[in-house]
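Chain Y is fixed; fit chain B onto it per the hints.
Sequences listed follow chains Y and B, in order. So for the first sequence, this note's numbering puts the first residue at 1; every next one is plus one. So for the second sequence, this note's numbering puts the first residue at 1; every next one is plus one.
These aren't lab readings, by the way, just hints derived from the structure by calculation. Heads up, the beta-carbon is just placed ideally off N, CA and C, and yes, glycines get one too. Careful: at least some of the hints might be erroneous.
[Unchecked claim] Interface residues of chain Y toward chain B, partial, derived using beta-carbon atoms under 10 angstroms: (1) Trp11; (2) Phe13; (3) Arg16; (4) Thr23; (5) Ser98; (6) Gly101; (7) Lys258; (8) Gly260.
[To be verified] Stretch by stretch, here's where chain Y covers chain B in the computed footprint (C-beta under 8 angstroms, at least three residues): (9) 71-77; (10) 92-98; (11) 114-121.
Spelled out from the first residue to the last, the chains are:
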Amino acid sequence: MTVWGELEKIWYFMKRDMVSFATYKTNMLVLLLTAVFGALSFAYLGQSAVSQSVLQSYHIDFTTYLVIGLAFNTYLGQALTLVQKTINPWALEEVLVSPTGLSTFIIGSSIWGFIWSTGVVAIYLAIGVFFFGVSLSVNIIGTLIVLALGIGTFIGFSMIGSGILILTKQGDPVTALITIATSLFGNVLFPPQILPPVLKAIAYITPPYYFFTCIRLMLTGWTIPMILPDLEILALMCAIIVPLGYFIYAWCLKTARKNGTLSWF
Amino acid sequence: MQSENAVQTMNLTKTFKSKIQTSETKFYNRKTISVNAIDHLNLEIKKGELFGLLGPNGAGKTTLVKMLCTLLPPDSGTALINGYDIIKDQMKVKRSLGTLFSVGERGFFWRLNGYRNLEFYASIYNVPRQKRHERILEVLKLVGLDNSTFQLYQKYSGGMKRKLALARTLLPDPPIMMLDEPTTGLDAISSRNIRDFVKSTVQETGKTVLYTTHYIEEAAQICTKIGILKQGQIVALDTPYALRDKIKKSELIYLIVEELSPPQLENMRSIQGVIDITEKNGEDLMSSQKGLCVELQSVDQLPSIFDFLFEQKIKLVNFKREEPSLEDAFIELTKKA
Chain Y
1 MTVWGELEKI WYFMKRDMVS FATYKTNMLV LLLTAVFGAL SFAYLGQSAV SQSVLQSYHI
61 DFTTYLVIGL AFNTYLGQAL TLVQKTINPW ALEEVLVSPT GLSTFIIGSS IWGFIWSTGV
121 VAIYLAIGVF FFGVSLSVNI IGTLIVLALG IGTFIGFSMI GSGILILTKQ GDPVTALITI
181 ATSLFGNVLF PPQILPPVLK AIAYITPPYY FFTCIRLMLT GWTIPMILPD LEILALMCAI
241 IVPLGYFIYA WCLKTARKNG TLSWF
Chain B
1 MQSENAVQTM NLTKTFKSKI QTSETKFYNR KTISVNAIDH LNLEIKKGEL FGLLGPNGAG
61 KTTLVKMLCT LLPPDSGTAL INGYDIIKDQ MKVKRSLGTL FSVGERGFFW RLNGYRNLEF
121 YASIYNVPRQ KRHERILEVL KLVGLDNSTF QLYQKYSGGM KRKLALARTL LPDPPIMMLD
181 EPTTGLDAIS SRNIRDFVKS TVQETGKTVL YTTHYIEEAA QICTKIGILK QGQIVALDTP
241 YALRDKIKKS ELIYLIVEEL SPPQLENMRS IQGVIDITEK NGEDLMSSQK GLCVELQSVD
301 QLPSIFDFLF EQKIKLVNFK REEPSLEDAF IELTKKA
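Okay, chain Y solo, but in the shape it has when bound (with noise of 0.2 angstroms):
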């Protein structure tokens, strides 16, 4: 099969996911008003802190960062929750006795989780800028070049916890430890370094602290260079988990095939 073939296929695992996404109207409308909700309150929290001191190392306003930490922990939170809805065992089997490959079936199948959570990011920000004076100065590049390593570390995760519920056919620790991660070490509601040591060194070897550090320099008016060493570590990191995650996914639906336990749940 073409690559354009297999972007075809990707194209309609994407469809599938957003026509199915879209009549959930409910949940649609939740999801909205949580994010419009939670950047409002966020905000104003942000407005009433007195936590600048510890923003001098960002050079932005504590609204401005609580912001785009919200808006990028809800983006990594839908996307992480989409993807390995869509990804799960019990809708595998018609798919992998098709002519598709895995790895279009993951990225297929993770587009739109992806996709909704972007949309999701841009109200939060918009808020942010029309009601809350958040400034943005927002370098194109680098913000992509975060955003696709920050979504491969994720996908990566995603896939080492579908992995694990492929055969465990219960819980999946492993997205319920990188939310409770990025909550508490991510630089998401709070820069790390107001940590005590131990916690504070527990932030540096986590991957959403890069990202969320990245990500935030990126939209307030920094370069590239100028977070290099970050971004370098988000980007290895990114190349050890990727792999990592696709290897284990691999390796659990084989063995379950192996089993015959694919479809027991």
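Chain B alone, transformed into the frame defined by chain Y:
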């Protein structure tokens, strides 16, 4: 030279290991048991054949289908689908096959209509884009869902869902179809519609179909050849009629007679060629009548029976030659193995 076989398995084997807890062992000390789901299976299905794979629950039918469609890797041995190896040429095997699983509803998207569901599958089955729309409408019409094309999948009845799964199987127009218990859980009319459809599809298009079922009469109605699977092995393989004949060791005659005394019955038993005579009670019998099931060595002994009845002035009310059913054959053959 192309093989005349659409499906050929060669020593195909699959063993499942599972842990069980017996009353003697604690939960942390479970025993591991091995079950031979498919045991060195050698099977050939010719091109254009509607092959019925019959077997009791747990015989290995679904395991075999899953191995043939590359979903389940075999432990040893292999199989050829349309000449392609299920281990080495998986993509080619997938392009040659349309598979309908017994729980076919799983892969559909409940919030999409029938058309959109098939559109997605048409894309991943490489149906050419220019022909996609036409093909979807064509298969929906073939299975009788043309009036429900744009109805949401979640509003389909059980029969409609199964028909849509069948439509998905037909979508890429594969030369071989594997239908795993396609009528399970359906009402009689839906089941008959699906059977008729499968039979006519094979007759009209020359496709090869592997049709698994545990409904014996269903297999007898539509299949040109039947394999009986038990504990992962084929214990009998032939046409439905030949399978019936396989268990036919003697001739069974059912007689209804009037005024037959016990001594006369004993004398009848001593006629040469009579193996056994058993009395059968039926609601349709009058008080003076007796139903007799006479087992003869061969049909040649039948005149002796009639002569005896004539000599003894016993009135013959009814007479029927009894054929063993495919169900009898199935029970007999699976019991033997």
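Hints, one by one, checked against the model:
no.	hint	in the structure
1	Trp11	holds (8 angstroms)
2	Phe13	holds (8 angstroms)
3	Arg16	holds (5 angstroms)
4	Thr23	holds (4 angstroms)
5	Ser98	holds (5 angstroms)
6	Gly101	holds (8 angstroms)
7	Lys258	holds (6 angstroms)
8	Gly260	holds (6 angstroms)
9	71-77	holds (count 3)
10	92-98	holds (count 3)
11	114-121	holds (count 4)
Every hint, counting from the list given before, is met by this structure.
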